[in-house]
Structures are given as C-alpha cells and as structure tokens.
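Make the full structure from the sequences, and use the hints.
Just so you know, full-length UniProt numbering puts 170 at position 170 of the sequence shown, and the rest follows in order with no gaps.
There may be inaccurate statements among the hints.
What the hints assert, rightly or not - 20 angstroms max Cα-Cα, derived DMTMM-like pairs, lysine to aspartate or glutamate: (1) Lys-332 x Asp-166; (2) Lys-154 x Glu-126; (3) Lys-332 x Glu-292; (4) Lys-389 x Glu-286; (5) Lys-345 x Glu-373; (6) Lys-396 x Asp-316; (7) Lys-389 x Glu-292; (8) Lys-283 x Asp-393; (9) Lys-311 x Glu-269; (10) Lys-367 x Asp-393; (11) Lys-345 x Asp-100; (12) Lys-79 x Glu-26; (13) Lys-311 x Glu-328; (14) Lys-396 x Glu-385; (15) Lys-137 x Asp-100; (16) Lys-367 x Glu-126; (17) Lys-345 x Asp-302; (18) Lys-367 x Asp-271.
Treat the hints as calculated values from the structure; they're not laboratory data.
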Amino acid sequence: MSVLLLEVFYGGSHKQLVDLLKKSVEDCVSFTLPAKKWHWRARTSALSDKYLNIYTDIQFSVLNLAELVVLRPDLARLKKVLYFHENQLVYPVRKSQERDFQYGYNQILSCLVADVVVFNSAFNMESFLSSISTFMKTMPDHRPKDLDRLIRPKCRVLHFPIRFPDVTRFLPAHKRLRHSVRCDDIHAPATQSHVQTSTIYATKCCPELTIDSEPSEKIVNVAGPQQSLEPMSVTTRQETLQIQPKSRPCGDERENLQPLHIVWPHRWEHDKDPQLFFQTLLKLKERQLSFEVSVLGETFTDVPDIFLEAKEQLVDHIQHWGFMPSKEDYLKALCQADVVVSTAKHEFFGVAMLEAVHCGCYPLCLKALVYPEIFPATYLYSTPEQRCKRLQDFCKRPQLVRHHVTQVNNVNFSGSQINRKDSYREF
Numbered sequence: 001m002s003v004l005l006l007e008v009f010y011g012g013s014h015k016q017l018v019d020l021l022k023k024s025v026e027d028c029v030s031f032t033l034p035a036k037k038w039h040w041r042a043r044t045s046a047l048s049d050k051y052l053n054i055y056t057d058i059q060f061s062v063l064n065l066a067e068l069v070v071l072r073p074d075l076a077r078l079k080k081v082l083y084f085h086e087n088q089l090v091y092p093v094r095k096s097q098e099r100d101f102q103y104g105y106n107q108i109l110s111c112l113v114a115d116v117v118v119f120n121s122a123f124n125m126e127s128f129l130s131s132i133s134t135f136m137k138t139m140p141d142h143r144p145k146d147l148d149r150l151i152r153p154k155c156r157v158l159h160f161p162i163r164f165p166d167v168t169r170f171l172p173a174h175k176r177l178r179h180s181v182r183c184d185d186i187h188a189p190a191t192q193s194h195v196q197t198s199t200i201y202a203t204k205c206c207p208e209l210t211i212d213s214e215p216s217e218k219i220v221n222v223a224g225p226q227q228s229l230e231p232m233s234v235t236t237r238q239e240t241l242q243i244q245p246k247s248r249p250c251g252d253e254r255e256n257l258q259p260l261h262i263v264w265p266h267r268w269e270h271d272k273d274p275q276l277f278f279q280t281l282l283k284l285k286e287r288q289l290s291f292e293v294s295v296l297g298e299t300f301t302d303v304p305d306i307f308l309e310a311k312e313q314l315v316d317h318i319q320h321w322g323f324m325p326s327k328e329d330y331l332k333a334l335c336q337a338d339v340v341v342s343t344a345k346h347e348f349f350g351v352a353m354l355e356a357v358h359c360g361c362y363p364l365c366l367k368a369l370v371y372p373e374i375f376p377a378t379y380l381y382s383t384p385e386q387r388c389k390r391l392q393d394f395c396k397r398p399q400l401v402r403h404h405v406t407q408v409n410n411v412n413f414s415g416s417q418i419n420r421k422d423s424y425r426e427f
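Shown next as structure tokens:
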C-alpha cells in the first residue's frame, strides 16, 4: 500500500498523528508545512509548490481536498481519505459574526470530494453532520439541501491514536504501577495475561490486589456511571481484577500532607477557557486551601491576558509554568501531578487529557463535548460549581485521588491499535 500524508499545519497533535502514521504504515510518505498562521494555511495551502509538484502513484491521502483536486485533476482518480481532527462548523468563536464562512464551507466541499471521511470521535462526526444544514442557512439564497445525507455514508470514526510511552521511572511512589500494563514503546501486543480494559494504578503500600483469572464472556461497561471514588472491580474477557482494601488506611501520612497538585496541559488559547480555570483556582486560594498548579501547553502569537494576571496572583502556588519543548520533561511534570483539569469550550478528542491519565492523573472534565465518549461518569462535572466543589474536596483530602484506581480505558486509544487492528486498511 502506498500512502501519502498531506498536513498543512505540522505541529502539536497534528504532528503527533503524522509522525505516528509514518512509523506505523508501510510505504508512507508525508508532505507537510510548518504550523504557522492556520487561517492562511486553510485558505492557500493547495497552491503550495510542495503540493502542486507531488508525484501521483499514491492511493491514500489526508488533507482538505477540494481545491487541491481541482488544481491537480490527476489526483482525482486516487482514493481520497479526509481526516477530521476538528471541524469548523462548531469550533467556538467569541462572537458569531467572527465565524468565517469559508473555513466550514471548505470542509463541506472537501467531504463531497473525498471517498472516505474519518473523524477522531463520534462527537466530532455528529456535531459536524448535524450542523451542516444550519451552517448553510447563513447563505443569502440558493442554499443547497441535504448535504449531510450525501456525506454521512462516507463517514467513519477512528479515534486519535496515541503512543503511550513507559513512564514508570517518572512516577512517584504512590503512583508506581502495580500491574503489568502494556506500554507501546517497550512491550509486545497484549495477550490474555494483560489487562485490556483499564490502566491500573495502586499505591505502593496497598499490595492487596488479587486476581481472579476465571474467564468471563461479559464485559462491564467501565464508562458507565460510577458514584464512588473508592477502587472498583474491572472485568474483561480475560480476567477479573478486584481491589480489596484492608481496614488500615493506605498511603504514607507524609505523602498525604503534600498539597494537591493540579495540572492544566492545554493550548494557551481562548477556546480552552483558561479564564474559567483560573477563576476556580482563585476561589480555592480565597478559601485558603492548599494546592500547587502546573500550567503547561503550547503558546502561540496571541496569549490571553489572563495568563499573566493569573501568574501574578498564584505565584505562591506555581510548580511549573509554560510550555515544555522536551516531551520527557512534559511527561515528568504530568507524573508529578494529582489531578488534570479541562475547562475547554470545545474538545473533539483531547490528547493531553489522556496523556495525563496515562501518567496517573485523576481527570476532571465537562460532562459534554467528547468527554462522555471517553471518560466514565465519575470524572465528569456539569457546572463550574461542581468542578470547584470537587477540587475543594480533593485539596482537603488529596488521598482521594492519590489512592484512586484509574478507570479510564487507554487501550482503545493506543497507537499500536493501528497495526493490531489494521484499521486504516479498510479505507
């Protein structure tokens, strides 16, 4: 199979995906442009000399396709796969009049040209398809109808593949892995002796983990509602794990005296709603609660003013502040944190949240957007007040999260699934 990857914004999670595909897919070639000025990339990238001069013995491509196919009609005969990491029909803007019609219109045209349209989540797909009709009504007249019906049969969901490295050496004692957990970079594919449902963490001083290897054909839906923060049973087709706490409390008392460490690992842009996040932290500070914060994530040309203001107001609570170019340093910082928080106004997948979970963080995210598709209900909040209340409780009792067994299924989002399932070959 010959594969051509075209990425006009080669940075962040876009770069992460392209790099993973290049390693995982045989006979793969990529043509990329630097991650700068995405507005201009969306408008003009099809005219790039790099794309106008690409060779044509390719069967598979990933790009906004409409203009490129017009400029290179020889590419029309190839099988064209369009991958949606986000969609412009519901991407949040500060004011409705700021939404540029062209970006969403280009995506719709590209879907009509493509043979297969792949979304990184069901939320991304459904929000796009259900918004097409309303979006086209912004045209003054001669509005096309039923475009969603033309596009939907082409659509598929393929979760963003993440390469989860082995972070055991970075974990503090209370996060140290207590079970054989498959890590993409160092282990062979999981077998019946491996847990294939959830990443299991336990405290160093809680060895009371028993495994019942009796096979079970029933799978417990770990994404369903969970009311307790206590360890729970997790059932897979291969084995049943039960955490059986003893009467004595787990954890070292000195560890529990350490302040709760909160991490926010998102892009420093308005759509991630940093204003709401910092408002919550300032409430915790006003209530004289003990906590530390690490504000990570990539910055771009325009950084919201709230970051400078928050840095001054939270200076005594800051553990890390700013983007970490080194992936290893970034993972170390995540491993030292207790809770990872999202306040995003939009999220079509959320790589940073799952990476933090892999590093042993307790996730706290909105009960909306893509999050209910990925995270069990115990990690979701409905209102800012609920989020603040959860963090307040965690500040008072950090052992609630430090001794918690993570119930998030990372296996479904592992990059190795590309090769194991050969998901891309069905296209």
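Outcome of the hint check:
1. Lys-332 x Asp-166: Distance ~11 angstroms between Lys-332 and Asp-166 Cα, so the pair holds.
2. Lys-154 x Glu-126: holds, 13 angstroms
3. Lys-332 x Glu-292: holds, 15 angstroms
4. Lys-389 x Glu-286: holds, 14 angstroms
5. Lys-345 x Glu-373: Within the cut-off at roughly 16 angstroms; holds.
6. Lys-396 x Asp-316: Holds, at about 18 angstroms.
7. Lys-389 x Glu-292: holds, 17 angstroms
8. Lys-283 x Asp-393: Holds: Lys-283 and Asp-393 sit about 13 angstroms apart, inside 20 angstroms.
9. Lys-311 x Glu-269: holds, 16 angstroms
10. Lys-367 x Asp-393: holds, 19 angstroms
11. Lys-345 x Asp-100: holds, 18 angstroms
12. Lys-79 x Glu-26: holds, 17 angstroms
13. Lys-311 x Glu-328: With a Cα-Cα distance of about 24 angstroms, the restraint between Lys-311 and Glu-328 is violated, given a limit of 20 angstroms.
14. Lys-396 x Glu-385: holds, 17 angstroms
15. Lys-137 x Asp-100: With a Cα-Cα distance of about 14 angstroms, the restraint between Lys-137 and Asp-100 holds, given a limit of 20 angstroms.
16. Lys-367 x Glu-126: At roughly 17 angstroms apart (the allowed maximum being 20 angstroms), Glu-126 and Lys-367 satisfy the hint.
17. Lys-345 x Asp-302: Status holds; Cα separation ~18 angstroms.
18. Lys-367 x Asp-271: holds, 16 angstroms
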